[in-house]
Amino acid sequence: MTSIIDRVESHLFKESNLSVDAIKQAIESMGRFQQDYADIFLQEVVMEYWQLEDGLVKDASFNLNKGLGIRSIEGEKTGFSYANQFELTALNNALTAATSISRAGQSKAVSFNQPSSSTSLYTEKNTLAGVDQAHKIALLRQLDATARQLDEKVKQVIVSLSAADEHMLVAAIDGTLAADIRPMIRLNVTVVAESAGRRERGSAGMGGRYDWHHLISLDLESLAKKAVDQAVVNLDAVEAPAGTMEVVLGNGWPGVLLHEAVGHGLEGDFNRKGSSAYAGRIGEKVASELCTVVDDGTLQGQRGSLNVDDEGTPTQSNVLIENGVLKGYMQDKHNARLMGQSPTGNGRRESYAHLPMPRMTNTLMLGGSSEPAEIIASVKRGIYAPNFAGGQVDITSGNFVFSASEAYLIEDGKLTAPIKGATLAGNGPEVLKYASMVGNDSQLDPGIGICGKDGQSVPVCVGQPTLKVDKLTVGGTQAG
Amino acid sequence: MTQRDNEQLTLVQIAEQQKQTAQTMQHIAETLIDRAKGAGADDIEVWSYNTIGNSVEVRNNDLETLEFNQDSHLGINVYFEQRKGTVSINDLTESAALQGLEAACNIAKFTEPDPYAGLVEANRMASEFKDLSLDHPFALTIDDMVAAAKEAEASALNSQHIKQSEGANFYSHRSVSCYANSHDFCGFNQTTRYSLSNVLIGQTEKGMIRDGYYTLGREYGDLLAPEAVGTQAADRIQAKLKLGKCSSGKFPVVFNPEVARGLWSHLLGALKGGALYQRSSFMLDKLGHSILPKDITIMEDPFILKGLGSSNYDSDGVATAKRTIVDQGKLDGYFLSGYSARRLGMETTGNAGGIHNILIESPQQSLDAMLKQLGTGLLVTEVMGQGVNIVTGNYSRGASGFWFENGQIQHYVQEITIAGNLEDMFQSIIAVGSDVDGRSSILTGSVAIDGMTIAA
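In order, the protein sequence lines correspond to chains A and B.
Mapping to my numbering: the first sequence position 161 is 161, numbers consecutive.
Mapping to my numbering: the second sequence position 112 is 592, numbers consecutive.
No lab work stands behind these hints: they were computed from the structure.
Since the structure is predicted, the reported quantities are computational estimates derived from the model, not experimental observations.
Beta carbons are placed, not taken as given, at the ideal position from N, Cα and C, and that holds for glycine.
Just to be clear, a hint being listed does not mean it is correct.
Claimed, not checked - Which bits of chain B does chain A cover? Going by a derived footprint, with three or more residues having C-beta under 8 angstroms, they are:
no.	stretch
1	598 to 612
2	696 to 710
3	725 to 739
4	890 to 898
5	919 to 931
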């Protein structure tokens with residue numbers, strides 16, 4: 001069997017005068033500069049998208065993006081240039097620009113690593129290979145019909161399917177030579193329900209690094225049901241309370257809490273620059289001892305998983321918080337080198353036209369010992385939030401928010417009325433100190449996360465068990 | 481295209497190079513329209529852009545990042561008997577474009593007929609192309625950009641209460657874009673954009689705080705001086721150093737201009753055709769109704785010279801027009817594309833691709849006068865999170881800002897939330913400030929709203 005490098009080479013360069021040898025030579029030619037690091041990243045992403053609205057599959061698109069990015073680093077200084085052609089002249093021009101800030105130095109020889117032939121975390125087959133267009137359309141129609149049958153209040157249904165296949169290859173002056181073939185599929189259902197003059201939207205999605213055949217083996221009807229339930233429940237939602245109170249977060253997607261409150265603050269770049277509220281706090285207790293949080297890029301088929309990151313570093317499972325104690329940062333090569341640490345497989349970039357940064361992969365809290373029902377029963381007055389629209393953090397102050405899209409009042413240990421969406425606010429290094437009960441039901445989100453940082457989006461996954469936090473600010477409209 | 485792309489070019493040289501790019505775009509559009517017609521398509525539209533520029537980041541008086549940006553895009557919609565196929569690629573070569581067309585035609589075999597699909601009528605295409613003064617190439621070198629960024633940072637770090645700089649960033653970009661369709665419409669836009677920003681970190685007893693300032697414009701000479709950018713950023717940090725608390729409850733809330741334009745964008749978003757025909761808007765069936773206090777009028781003006789939202793035509797090729805959106809509190813118009821207009825049984829308003837410049841007109845008063853009038857409340861300077869539901873108008877955001885009493889700023893407050901319902905909030909606007917911020921296509925001053933819920 002050919003190596004992954006050969007397979008990606010033959011795919012990327014089939015109509016081009018580039019080759020892996022030419023890339024290696026270009027890297028070697030950069031050895032004449034006095035730099036600490038240089039790399040060339042080549043990428044092609046092919047995406048297909050189908051959308052149903054009003055019962056018709058009338059929007060479909062095909063998208064192709066490809067190009068190469070070249071980076072040259074000396075100390076804290078980075079030169080970066082890119083081109084949208086797999087072509088030798090374009091490569092050389094980008095190389096000249098990226099090294100325009102580099103000083104001449106002693107020529108260094110580069111010896112490239114032999115890539116190891118480990119097994120892949122995901123299928124290498126094209127995500128939608130051999131699937132009839134008619135089958136895709138039939139799937140969207142079926143979900144549309146399901147959603148409409150579930151409740152007559154459903155007035156509008158939008159179903160979408162997207163599938164992307166990425167080929168990437170990276171070579172670096174430290175001898176790295178790596179390639180990867182990455183699938184990504186995503187299915188989404190959004191509904192609008194109307195009753196007695198009120199309207200609500202509900203939305204549910206699922207996906208990951210797997211192909212069509214795996215997708216259709218999953219329980220897709222439940223996706224439509226989740227979207228419909230969310231909209232219909234919210235039709236009866238009452239005003240949310242305002243103030244600081246006990247909050248129970250559901251398992252799975254509410255792990256967006258960890259992503260905002262903990263994850264971003266532990267990314268290496270912010271800590272190198274001293275701009276994170278977590279900077280210099282390794283070894284400190286930042287959470288209750290019930291909390292262990294990891295970022296693990298090695299999970300089979302998950303949305304945030306990668307065989308190697310975008311700098312060619314194999315991903316790994318990184319412990320961020322262990323029994324409440326802050327353990328480590330997530331690093332790319334640049335920040336790891338400047339901090340005297342090792343890269344952790346978290347160097348990611350949105351595309352060839354963006355610089356890599358330390359980013360999360362799949363970020364999750366390990367399960368504890370409490371039964372979810374027991375956790376809810378323990379709350380006198382608070383809220384239960386099983387679904388969120390997303391979150392945001394200011395890593396410098398540590399202040400973060402995440403916005404519930406489905407939530408319920410808890411009164412005397414029982415779920416009572418659904419409440420209107422409310423933003424929950426807290427402070428990163430403080431919030432998990434108030435984590436008082438951790439459920440035994442840890443679970444990853446269904447594969448819907450998109451993380452934004454400095455204008456770059458990358459797919460991620462989050463997860464957690466049902467979790468009780470004794471003190472969070474709930475941003476409803478009912479004060480007192 | 482020439483292959484000198486990646487030398488250190490100024491926008492003057494980039495503009496010269498993009499003359500050739502514009503010709504290539506026109507040639508590709510004509511070729512694709514021709515081929516699509518030959519392949520039996522009823523209609524086709526082609527849009528493309530090419531953006532080239534440089535971006536530098538300086539931190540602690542050292543160049544940290546130098547980026548050469550060069551992005552291209554080509555999009556194609558083909559229509560066969562109301563079936564649509566869409567393709568987009570990041571490549572402006574003819575061979576890639578032809579492959580793209582083939583893929584688009586192939587997709588259109590499988591999509592289902594949509595009675596509302598297709599181009600807008602030929603007589604609605606723009607025919608007058610005013611000079612909107614959007615293109616100002618200037619021979620600014622990378623060294624000039626680095627020097628300006630360093631100057632901004634140095635002036636900020638002069639203030640003793642700054643812990644560190646998070647970086648000063650300068651970028652200069654020029655774009656050329658083309659939209660053409662099978663009505664023989666072909667339009668071009670050339671635009672430049674310059675920006676300088678500085679982000680700082682300050683230290684309080686309770687931890688670090690971050691803030692910054694930026695200047696932005698179509699013409700280099702319109703930017704604020706680097707020194708002023710640094711000073712403004714430092715002043716913002718200084719204002720936040722006195723941290724305090726506020727209590728939960730219902731209070732008047734003033735949104736500063738940067739946050740206020742976000743607030744207006746929720747209203748404008750709810751007036752877009754897509755949200756309306758999907759019945760996903762809190763502004764359904766409100767045409768002719770009072771949605772704002774009657775001393776507020778909202779205008780859309782696509783023809784503001786150097787405007788960030790200025791354009792002679794929209795992304796359907798339709799001529800844009802200056803018009804009233806809200807007339808003395810009454811909703812007078814939506815933002816419709818050709819498609820959403822057909823869905824709603826209305827006429828396009830020239831808003832395919834988005835909303836142009838927006839002017840908020842009202843009897844304006846100074847921010848000081850607004851705070852005095854309100855007495856006690858919160859001046860919001862930042863909001864966080866996704867807690868805006870455009871379907872219901874439900875609004876709940878993380879916030880930080882300044883607590884004021886007797887019209888005087890008392891201290892900075894953070895880690896709080898503000899909540900309300902957008903429909904009520906817009907009805908409860910007490911005043912719009914004269915402190916209009918020009919760094920946006922939504923031109924608004926501060927907005928004061930009565931009776932929002934604060935949770936602390």
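Hints violated by the structure (numbers, ascending): Violated hints (numbers, rising): 1, 2, 5; every other hint is consistent with the structure.
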